[in-house]
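Undergrad: Place chain B on chain A using the hints.
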Amino acid sequence: MTDMLSENETEAHVDLFSKFDPLIEMRRNLLASGVEDPFNLVMERVLSPTVAVCNGRETILLGTYNYMGMTFDPDVIEAGKQALEDFGSGTTGSRVLNGTYAGHKAVEQALCDFYAMDHAMVFSTGYQANLGIISTIAGKSDYIVLDIDSHASIWDGCKMGDAEVVPFKHNDIVAMENRLRRIPAEAGKLVVLEGVYSMLGDIAPLKEMIAIARKYGAMVLVDEAHSMGFIGPNGRGVAEDQGCLDQVDFVIGTFSKSVGTVGGFCVSNHPKFEIMRLVCRPYVFTASLPPSVVATAATSVRKLMHAGKKRAHLWENSRTLHKGLKDAGFQLGTDAPQSAIISVIMPDLERGAAMWEALLHEGLYVNLARPPATPANMTLLRCSLCAEHSAEQVQQIIGMFTRAGKAVGILG
Amino acid sequence: MDREQTSARIAALIEPFNKKGVAITDATRFTDDLEFDSLTVMDFVAAIEDEFDIIISMNQQAEIENYGQLVDAVVKLQD
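Each protein sequence line maps, in turn, to chains A and B.
According to UniProt numbering, the first sequence is numbered sequentially starting from 1.
According to UniProt numbering, the second sequence is numbered sequentially starting from 1.
So here's chain A without its partners, still in its complex pose (with noise of 0.2 Å):
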């Protein structure tokens, strides 16, 4: 033990920001180049899913998550406005005490009725959904097999509860084969799987990895927050897509993707999933969803459901551009469109950062995404589309990506 200091001494004092110095530089070197802050861009205005005003521009979003395009849906819009006047502002409470409105179970039900499964958990958002969920049914002496690709909120839930934590290669079948069999057959255990990896937009072989973790008895978790709404032919996700969603102990979804709000979920056939609303801690305490997002939340859902012919447009965007990229000469994450993300690899963070501004000043908004959120400490422009790209603007963002690659010297 420190013996106690006099009155009238002093220890030195340790900033406990320091730990932050070398991204402190790496930013500052950055913008001492002179490009604008890719972390710092403000819309002014948003014109529609797919352009809004940004530093002045109008600008085409290619780098938001509103794949289906219902943030201006007018069902949608009027379902809020209604909530707003009918329920006020916010619900100033948590789910569990005076924060559950009708808004909430009717979201629920409308849940249940989109992945035709018997429970549904509404969370404050996708992030608090994984917390909650995965921290909650893996405790001690339980084990966790997770895609080391997986989403910093899985990562977070791992950290957050008392399981071992055991990652395996990324999509690799054999490797995650391999760590399940050498787990004692006792042991609970929990796959955590995703149906499509944001970074690179490249999905999962679901339909055998989750095969093989039935094999070992373990419960399985996919987190389908890219894919819900388009991929499927309900669009219930990757799973729905490869047959196995019957497969699936937990389906976790966002609303702040497809849905075009803020919330999170888990979908679940579990006979006893009700009591995870009392004894999940991400769900239990904090506030609940104020009733104008539920109720937008719930319409869109809905609309979802019957929305075969956007699904099918937005397959069409992702194969223009996947295939306009390509033939551009750019690299990207994946050999064929896999889903509604594009990813296009930079050779390094410096060209990434003035090839991102480049697409700016033609009036293009891409995702600039480098390392450690991206695999193997890549730089990459992600382009996630919606279903409300025209096929026009397609062809002009080809054309601001050929120009921009050209001029900083990416393209040949």
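The reader is advised that the hints may include incorrect statements.
Calculated lysine-lysine pairs in the DSS-like style (CA-CA distance at most 30 Å, straight line) [as the list claims (entries may be wrong)]:
| # | chain 1 | residue 1 | chain 2 | residue 2 |
| --- | --- | --- | --- | --- |
| 1 | A | K169 | B | K19 |
| 2 | A | K159 | A | K140 |
| 3 | A | K140 | B | K19 |
| 4 | B | K76 | A | K169 |
| 5 | B | K76 | A | K215 |
| 6 | A | K169 | A | K159 |
| 7 | B | K76 | A | K19 |
| 8 | A | K140 | A | K169 |
| 9 | A | K105 | A | K81 |
| 10 | A | K169 | B | K20 |
| 11 | A | K159 | A | K207 |
| 12 | A | K326 | A | K406 |
| 13 | B | K76 | A | K159 |
| 14 | A | K19 | B | K19 |
| 15 | A | K207 | A | K303 |
| 16 | A | K303 | A | K326 |
| 17 | A | K215 | A | K169 |
These aren't lab readings, by the way, just hints derived from the structure by calculation.
TA: Same frame as chain A, but now just chain B:
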């Protein structure tokens, strides 16, 4: 397998990851001396897991800072 044999097999596995040819002793630290980043750690751990048919969970990895601790952990995990 005794500690010496285990150490010899791990020493062989570490070679492709030891890019700077650092001399390995029990005190060699993975992050500070060998400069392993998180991806290297995953690949190296997977190589050891496959060689000895064991699991080293991330919770256990958090306790292992140097080579000697890794050898001890692998010896224990084979029991």
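Undergrad: Tell me, in ascending order, the numbers of any earlier hints that this structure violates.
TA: 3, 7 and 16
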